[in-house]
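Trainee: Sequence:
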Amino acid sequence: NKEFAPLVQVVQDLIVEGCTLFCGASKIGKSWGMMQLAAAVSAGEPVWGRPTTKGAVLYMALEDSARRLQYRLGKMGITPNENLNFQTQTITLAGGLVNALEGWIQAHADARLIILDTLQKVRGPAPARANAYALDYEFISPLKALADKYHIAVVLIHHLSKRDADD
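Residue numbering for the sequence shown follows this note's numbering, beginning at 8 and increasing consecutively.
Bear in mind the hints are in silico, worked out from the structure with no lab data behind them.
All values reported here derive from a predicted model rather than from experimental measurement.
Some clues are possibly wrong.
[As the list claims (entries may be wrong)] Capping the alpha-carbon separation at 27 Å, the derived lysine-lysine pairs in DSS-like fashion look like this:
#1 Lys37 <-> Lys82
#2 Lys151 <-> Lys9
#3 Lys34 <-> Lys82
#4 Lys61 <-> Lys37
#5 Lys151 <-> Lys37
#6 Lys82 <-> Lys61
Start from the sequences and build out the full structure, keeping to the hints where you can.
Mentor: Below, the structure written as structure tokens:
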């Protein structure tokens with residue numbers, strides 16, 4: 008009989024509170040798209056024809072430099088605002104990433120979205136011969152728990168394998 012509040016729709020019917028994997032091949036525009044989404048959420052403006060819930064955004068562009076971020080923002084016509092935060096370096100999950108993210112959330116009462124670009128940069132090296140599914144589950148679980156605790160969205164950008172495969 009317990010009643011739950013509706014999920015926070017960061018981007019209506021697309022990105023809700025919790026963890027989302029945004030996956031695709033390398034160099035197809037995942038980072039560009041997520042940067043557009045981050046800017047829209049930070050300003051409370053629609054993105055891709057969908058309304059957003061305005062709030063603070065942390066975009067961890069871990070494969071970029073500040074110069075490259077500035078270039079991309081300019082190329083996209085995005086003027087950063089006080090809600091749009093960037094980092095180009097961080098620690099891994101094993102190094103205390105969840106605690107660092109929790110500190111950022113607590114410092115931003117209106118925290119809405121964290122984008123980790125890319126998953127591999129914060130995951131760190133995987134043990135040899137480990138079960139990939141189990142490792143992914145183990146890695147993502149604390150990030151999902153953090154998102155659930157604070158009712159925010161965490162988007163993990165991930166490159167799919169370039170190898171040919173049948174499945």
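Trainee: Measure nothing beyond the straight line between the CA atoms of Lys61 and Lys37; if it is 27 Å or shorter, mark the hint as holding.
Mentor: Distance ~21 Å between Lys61 and Lys37 Cα, so the pair holds.
Trainee: With the threshold set at 27 Å, check whether the alpha-carbon distance from Lys151 to Lys9 stays at or below it.
Mentor: holds, 22 Å
Trainee: Quick one, are Lys151 and Lys37 close enough, alpha carbons at most 27 Å?
Mentor: Holds, at about 21 Å.
Trainee: Assess, step by step, whether the Cα of Lys34 is no farther than 27 Å from the Cα of Lys82, and give holds or violated.
Mentor: Holds, at about 17 Å.
Trainee: Regarding the pair Lys37 and Lys82, is the alpha-carbon distance no greater than 27 Å?
Mentor: holds, 15 Å
Trainee: CA of Lys82 to CA of Lys61, is that 27 Å or under?
Mentor: holds, 23 Å
Comparing the model with each numbered hint stated earlier shows that all of them hold.
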